[in-house]
Every structure is written in structure tokens, then in C-alpha cells.
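Use these hints to put chain B onto chain A, whose structure you have.
There are 2 protein chains.
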Amino acid sequence: MDVAFRTSLRLKTAVRSPVSSCRLWSPRVWSSRVWSTGVWSPGVWSPRVWSPRVRSPCRRLHGGPPPRRPFSRLSSEDLAFFRETLPGGTVTDPDLLEASNVDWLKSVRGHSELMLRPQTTAQVSDILRYCHGRSLAVSPQGGNTGLVGGGVPVYDEIILSTALMDQVLGFDQVSGILTCQAGCVLESLSRYLEDRDFIMPLDLGSKGSCHVGGNVATNAGGLRLLRYGSLRGTVLGLEVVLADGRVLDCLATLRKDNTGYDLKQLFIGSEGTLGVITAVSVLCPRKPSAVNVAFLGCETFDQLLGTFRLSKRMLGEILSAFEFLDAACMGLLNTHLKLPNPISDCPFYVLVETSGSDAAHDEEKLHRFLEEAMTSSLVTDGTVATEDAKVKALWSLRERVTEALTHDGFTYKYDVSLPVERIYQLVTAMRTHLGGRARSVVGYGHVGDGNLHLNVTSPARDPALLAAIEPFVYEWTAGCRGSVSAEHGLGLKKRNFIYYSKPRAAVGLMGDIKTLLDPKGILNPYKTLPDDLL
Amino acid sequence: MDVAFRTSLRLKTAVRSPVSSCRLWSPRVWSSRVWSTGVWSPGVWSPRVWSPRVRSPCRRLHGGPPPRRPFSRLSSEDLAFFRETLPGGTVTDPDLLEASNVDWLKSVRGHSELMLRPQTTAQVSDILRYCHGRSLAVSPQGGNTGLVGGGVPVYDEIILSTALMDQVLGFDQVSGILTCQAGCVLESLSRYLEDRDFIMPLDLGSKGSCHVGGNVATNAGGLRLLRYGSLRGTVLGLEVVLADGRVLDCLATLRKDNTGYDLKQLFIGSEGTLGVITAVSVLCPRKPSAVNVAFLGCETFDQLLGTFRLSKRMLGEILSAFEFLDAACMGLLNTHLKLPNPISDCPFYVLVETSGSDAAHDEEKLHRFLEEAMTSSLVTDGTVATEDAKVKALWSLRERVTEALTHDGFTYKYDVSLPVERIYQLVTAMRTHLGGRARSVVGYGHVGDGNLHLNVTSPARDPALLAAIEPFVYEWTAGCRGSVSAEHGLGLKKRNFIYYSKPRAAVGLMGDIKTLLDPKGILNPYKTLPDDLL
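Protein chains in written order, with numbering that gives the first Met the number 0: chain A, 0 to 533; chain B, 0 to 533.
Everything labelled a hint here was simulated from the structure, so no lab data went into it.
One should not assume that every hint holds.
Since the list gives no way to pick out one identical chain from another, each pair is judged satisfied if it fits inside one copy or across any two copies.
Said to hold, decoys possible - In silico SDA-like pairs for lysine to any residue, Cα to Cα no more than 25 Å straight-line:
1) K286 to D301
2) K286 to M313
3) K105 to G507
4) K311 to R285
5) K391 to R285
6) K311 to D194
7) K311 to P284
8) K311 to R190
9) K311 to V173
10) K311 to A289
11) K286 to E420
12) K286 to G232
Chain A with its partners taken away, still in its complex shape:
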């Protein structure tokens, strides 16, 4: 069964404008926004022209990328090889390259002069075998929706795009196992599955653009993890091309397989640094026949936690999401996106979703839960939706916080895992710590997963503010044995903060594995692993 998808531009048009047509971003504005979590600025913005010579960043300071490693420079012979190997699949036009050289937060940019768009695994293999032989660095790219600068080149790495690898390879209606190429857009897969009465086990705000291969490469979490678990459990097989072009076929479609080490796990969450994922098989749940969403207000975070515990007890197996945002987030939604608050003003808001197979049963459970939550004063106000449009409207309050933040100024973004009881303490601690120095300090995220998105905004890039936030935020997180990157990964921006969450012995072993699989270090260099390792 072969089905071609066209990349959806929903997110691109709704949330971000293509960089090449972004008139608002002058070089001055640009340089003030680049490199949101460091203090490195890449210097002036200038038009790119094809040339085997590649710019280096003008200056490097703490937090910026390490020096360019001694990879080969792209030659005209290289280009001739790629044009022959990939007819119609090489992009060298600087305008076309621009959107792939810059991440969607517009916080980091590279200077690649070549993007390759293979359609088959064999082509990916040919590309990597050649690059390995020539010591040419490669930056794999899916939908370019990452938040840590992991999906764009840092210098002149060749961009290896999965955009044209968008075929569904098969779907088993009995087992619910989908097999597809890595470049399938998540939302397209969701639509494909919904027609067959199934859903993807993950859902993300960037679903309109992100590729499933990128989701797997970054071990994306998202909105359904509470119910369906992580990709480490739901991804059943991967096909991966290694740095030297060898194809590793672990594309099993079995729920159980204990024949040797589970190699695919190495590539899940390794951010393209160990291999390029070319195909994925994933276990998909049946589409729930009933979905309800309640949007509730709580006076304190303790009451919010009480509501969470109550939901786990009373909603049990039908609880599919428990998300939260604080009053500051609601303020940004009102101000910047004109989204009205559907309930009365509260310090905290939660979005509770149920998904089940029997509408009457689910509504009864939800009703009893809400009654108990109101009676016991855990919740002060709320609204419930069962119709699709209203469900989507309530979800957009949670999903569009990221977008609202982009309108609030320069944003310092943090994505941490903490023991669930402590997730909001970090927001409070940060507010106290920063005093009046920030414009906004807001918290939202996935309560059910203990995953806080902490965001700090200011009118413009502010090194003094950054110095006040970091390492405070990482030390605070490490003090709770939390993770400094719950679901966004480390990419370029956070690679050197790995030691806050992983001991040196573990990081050293990661380096050994990188060396084993990619001895020349050509795959997504400068990402994931810290500078002192390589």
C-alpha cells in the first residue's frame, strides 16, 4: 500500500512565516534573536552565494558552538556526484536553502550550501557512503521543528532532508502496526490512520510540519505520552543508515522480539548523531470513539496536584491527558492571540482529556470526577467539551502558548522533568530569583509526565538576564535529580548542560558509542554530546 503525502503547511503558515519571506526580520533584529540560550551571535546577516568556501562565525563565546572541525569542504566534484546520484534532489539555491539553514525559533543558523533530498534508503546509503569516504559532515533534517538547534547545520554541513521520503509502506489493520518512510508528516499519518479507525501514539503542537523520523530521532514526547507511553515502547522497528552508508534493517513489525540487543533504541533520541532513520514501524492505538475535554481552574498548585491525583483515581484508564498552564500563560494568550479565557480567572488552569470506547461510560466517569473535584474545592470553575470544534478550541489554549510567547519578546526556553510535586516550585523560585528583571516568567506543560515548560521573556536579548537564569535553572533541576531536557533533546544549544542530568561515566560511554558508530564524526556534528568529549 503506497500512499504519497503532501507536506502540510498548517503549522508553517499558522505559527511561523518562512524565513525567506520574513520581512520583519532585519539583520539587526536577527542578530539580537539568534542563539537564545547562549550569548553567541553569528555576526551580520548577509546573502548566501554558492562557493566552496564557508563562513565561520565571527566570534565565539561561552555557549556558542565549538570551532568547525576539520571536515572536508564541498567541492565541485562532490556536487557533480550528488547531482548524478540524486537527479532533481540537490538544492543549492541560497534562497531555497535559507529556510533549512535556520531553526523555526530563528535562534540558530548554519551556512550549508547544499541540501540533498533523497527518496529512497538506497540513495541515503549512497550519500552517506560518499560523505564518509570524503569526510563531509552531514546534518539530517526532518520538519525542522526542533527547539534546541539540533536539526539545522552549524557550519557548512550538507543538509540531508527526509522531505521526499513520505511513503506509507504498510498498515496492518489487525495489529495496528504502521510502517512508513521517515519523512511522513505526523499530521498526514494521523489523517491516514483516522480513516482506518486508528491514531498515532504521539501528538505534538508541531504535527503539521514535523516528520515521524525526526520524532523518533528526538524521542518526541508530546500530548499523548501519559496514555500511550514513550516512543521507546511504541516504535517497533527502524531502518537506519549508518555513517558509512551501511543499512541497518531493524524494521520489525512485531510487538515482541528478544533476539539480541535492541539496536533501534540507540537511534531513538540520538538526534541524528548515530545514524539516519529512513523508515519506522510503530504500534498505533485504536481511535477512541469518545473524547471529552474539561478545562478547569484551580486556586493553588497544590489543588491542581490534588485534581491530578483525583483524575488518576476516578478516570483511570480513560485519562489521556492532564496538561496545565498558569495565569501568566493565559494572559499571553489573551494579549497576543486574542484567545479568550473560557472560564473565570484563576491562578492555574488544567486541561483534562478522556479517551474511551463508550461515550456514556466516559461521560459518567467524567461527571463524577468533576462533581468530586468541585465538591472538595479542588477546582473553582470549569467547562467541558465533547464536540470536536470545542475540544479543539480548548486544546488550542494549551497548544498555542508557545506561539503566544514568540510575540512577547525574546524568549529563554527550558523544558525540564521534575518530580511532579515540584514542577511549579521552579517557576516560583525563578520569579523570586529574577525579581523584576524579566518581562514574563511562565510555566505550562504536562503534569502527568512531570514535565514543565518554563519560559522567561524580555524585551530583547539580555545577557545579564541570561546569566541570572543559567545555571540557576539547571542547578535547581539537578538538585531534584530532574532532567534538563525532558523532551526537547540537547541539540546544539544544550549539549554542554548534559552533566546536570547525567554522570560523567554515562556521558563518556555515550562518546564511546558515537565513536563506534560514527568514527569520523560526520553525522550531525556539534550536537547532543558536550564539547569536552569529542
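Coordinates of chain B only, in the frame set by chain A:
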């Protein structure tokens, strides 16, 4: 919170007798039963005495273990070191060692002359650092309940038992995350959690003996995988001691953590060949407040599959198990264990379990499902249980098939994953293929996971019968892109069959990882990886 567990002997007493007290097993009988899937016999059975010299197997044929590798022999100085390091934790008495030298199927045996029983991770580290320096081979052992000879020594490897590492280290009531030492017995953990209104995400027939560290090291599947997914998703953290004694602390208690490569996945399912798991953190589901079990009969396997599809649709989120056994299994339960069939005779039986948070809702869903299954003639007879004792009695029909088989003669055991539509075709194909040569050819297993347990019995070990079964069973499985070991692992017995399920490139990479983590190969040698690799 520290709670000590005493190892439960339920399984040991119910299913197997300790070898040292097993009067029925004369040397002649023993040698005829050893090595169930190969044709190697270890020669005569003789009492073991302490000596630095170790016996070699008398002869090796296809399928037997490879020659002993040139590890050091245990010296009196070594023994003195271990006695000093582990006061009271060294076992050299041959009678006490006996039960740990032999697997519970009594199909393979080693000749270790030393078992070490550490209580702490530091002690495990001291042991491995010493063994690494001295090139002494080590066989890690949990509850010794494995089915592929992975948990017992092959020659004179030192047995490193986790039996005294049985402490619960912590439990978070809000998140349901349990942290414990590797030697905790699964059933003890289940009892600990049930008192707190939670359950373990896995359940196995061997729960009374198996250790959670062994469960993780073998990526055990079992009876709850359909509902709660694999250990790759539910295990959140591991503490592992590497071959050279380094302690790798990946004992996170977070649902999400994307800081670098997920090293713990390397050790899940690697059968103790890459490191010794010393502690585990695992995400535990809430205890369902309502459990129902239906035991149903079907006329054909197609009807059984139709019943499965119907259950997924109508029971949805409360379906927690869908197991099957065939009429031949029921015959063995009747004959050898005197367990009566609770319904009328049918060619196929299924056990459907629901687990939910609302008894009335669940019963209504189950009732509607059963009505539809009967009306549409998918099911011909059935019985339902909600009381705990009756639920257990129905489950025992499924769980005790393994035990019944041990009374039916010499058993050739296979554990394969296949596309769910094809799982019973293999049983039928095997019956046709073997004609009258086997005593019984039976099939049972986890329909929901596409996991068939195929067992062939004969009055005694029968090399001609084995030659008829293998490689037929593996070739048939490989022809469906199935797995030759769904959940049992490869251990000693199946290591050379890995190529039926994994390509050479993947197996080669497994070998590279083994060399990286255990360059001297001291950890559980002769297991998991094929002989041609090392």
C-alpha cells in the same frame, strides 16, 4: 523506605523441585534430558568437589556450547579475596551450588565452584573490578527461571547472584514510580505495591521466583504486555555495574529524559552480557478496581481471531489480556494436573481479561462483548469470573500449561513472534510436518502480542525428532519475518539461531557493542551472541 523481602518459593515448590533433592533424576535420565534444543550431552553426572580444575564437556556437537574460552581458573587467592570482600556471601559447598548450576528446566548445567551473593552495588563493583583484572568469567543470576540457559554457568564461571539484593529503595505514591534492588522477587514487589493500590506493569508465571533484575535483563514480556507495554517503556531507570566494575548510574525516576543516548536500553534484554543490573526504577500502574476474566471456547482459529478483533473494538481500554491455548494443552492440563475444563470441549480456548476503574461499566462492556461474540457465533461456550478465587482458577489454566508439559515427556520449546493472523498456522504446519513422530504438538500464548509458545513433546530425547523440528521451525518463522525468540531471549540454547531474525550487519554491530562494554568478554560468556562472532 527500606523493606526487606524474603524470596518466595511458591514457584519452586509448585512447579519444580530443587535439583539437589530431586530423587527421580538419575544420571542416566539426567543426561537424556540435558540440552533440550541441541544434541549435545554433557556426559556423566558426577558429584562436584571444590578444585581449581574444571571439567570440560565430554563432547561437543552442533548446538552445544563453544569450547571454554581462556579465562583464568579460580585460585585459592581469588577465593580468599572474595571471602574478605563478601563476608558470609561466598558459597562453595557443591550441594548448595547445585541448584544454581542447573536451569529450572534441567536442560543445561554448568560446573561453577563459586557463587557470590553481594548485598550492595559497591560489592558488585568490587567483584567485577577484581574479575576483570583477573580475567575471571562471571555468570549473573537472578531467580534462575530462564528457559534458554541464559542464567546458569556453562563451564566454571563464577555465579553472581542477586538473591540478597532485595530491598525496595523507594516508592512515589503520586507518580507510581518504584525503585528497588535487582534481586527483589516479582511477586514480593507485586504484594508490596498492591498494599499501596498499585501493581507491577508485568506479570509472569514464574513470579514467585524470578527477580526484577532478571526480568529487565531478559526484557521479560508476560501477561500484561498487551495493556501496559514492554519494559522498554515502563523501566525508567537502571543502575548497572559494567564489566570492569564501573558503576553506571542511570537510575532516573522520570517519565521523560532526553539528555543524550538512553544507555539503560542497552542493558534491557542483553541477558547480563553487557553489565550487571543492580537496581531498577519502574513506572507502576494503579491497581484496577475491577477485574473480570472470561474463559471462552472457539471452533476455529479464525473465529478466535475474530473474537480478538471484537474484543479490541468493544472492550477497548479495559482489555488487559487476550491469551489462548489449544485443545491439546487442555488435554495435558486434564491428564497431568487434573485441572478440569470449565466449559465444553472446543478446539481453542481464550482467556479474556478486563481491568478497569468502574466495575459496573466494565461488566456492561464485557456483557455486550460476550453477547455479540455468542450471537455472531465467534464463541461457542464460555464462563466469566469476577471473584478473585475464580479469576485465579481460570488464569491457572493458561499459566500452568508449561508445568503440564514437563509431565508429558521431553519437551522441545519454541517461543516465536509472528503476524497475529499466522500464529496458529505454525502449529498446524508443525503437526503436518512431524506426522506421528511427536507425542504432542501444542500451541498456546499471547494472541494480543502475536506471541506463540509452540511445544513438542516426546517420550525421551529424540535427535531424529529434533532434526525434524529444527531448522523447520526457524525457517518457517523467518519466512514470516517473525522472531525466533519473542520473550525468552537467546541465552545459551538459541544464540546461534539469531540470524533467522536479525541481519548480519545488526549482529555484527551487537558484537562491536559487546567488545566496547566488555572487552575481555567475562560477562555471561557463550550467551546471546552467536559463536561465529566472538
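Evaluated hints:
Taking CA atoms no more than 25 Å apart as the test, K286 paired with D301 passes between copies only; the shortest distance there is 24 Å, against 33 Å inside one copy. Within a single copy, K286 and M313 get their C-alpha atoms as close as 22 Å, and across copies as close as 12 Å, so both meet the 25 Å cut-off. Taking the closest pair of Cα atoms, K105 and G507 never come within 25 Å of each other, the shortest separation being 31 Å inside a single copy and 41 Å across copies. Taking the closest pair of Cα atoms, K311 and R285 come within 25 Å of each other both inside a single copy (21 Å) and across two copies (8 Å).
In this homomeric assembly, K391 and R285 come within 25 Å of each other (Cα to Cα) only inside a single copy, at 20 Å, whereas the closest approach across copies is 29 Å. Taking identical chains as interchangeable, the C-alpha atoms of K311 and D194 lie at most 25 Å apart only when they sit on different chains, with a minimum of 17 Å there against 30 Å within one chain. Taking the shortest Cα distances, K311 and P284 sit within 25 Å of each other both inside one copy (20 Å) and across copies (10 Å). In this homomeric assembly, K311 and R190 come within 25 Å of each other (Cα to Cα) only across copies, at 21 Å, whereas the closest approach inside a single copy is 29 Å.
In this assembly of identical chains, K311 and V173 lie within 25 Å of each other by CA distance solely across copies; the values are 9 Å between and 30 Å within a copy. For the homomeric pair K311 and A289, the shortest alpha-carbon distances inside one copy (18 Å) and between copies (15 Å) are both at most 25 Å. With identical chains, the CA atoms of K286 and E420 are at most 25 Å apart between copies only, with a shortest distance of 21 Å across copies and 32 Å within one. Taking the shortest Cα distances, K286 and G232 sit within 25 Å of each other both inside one copy (18 Å) and across copies (21 Å).
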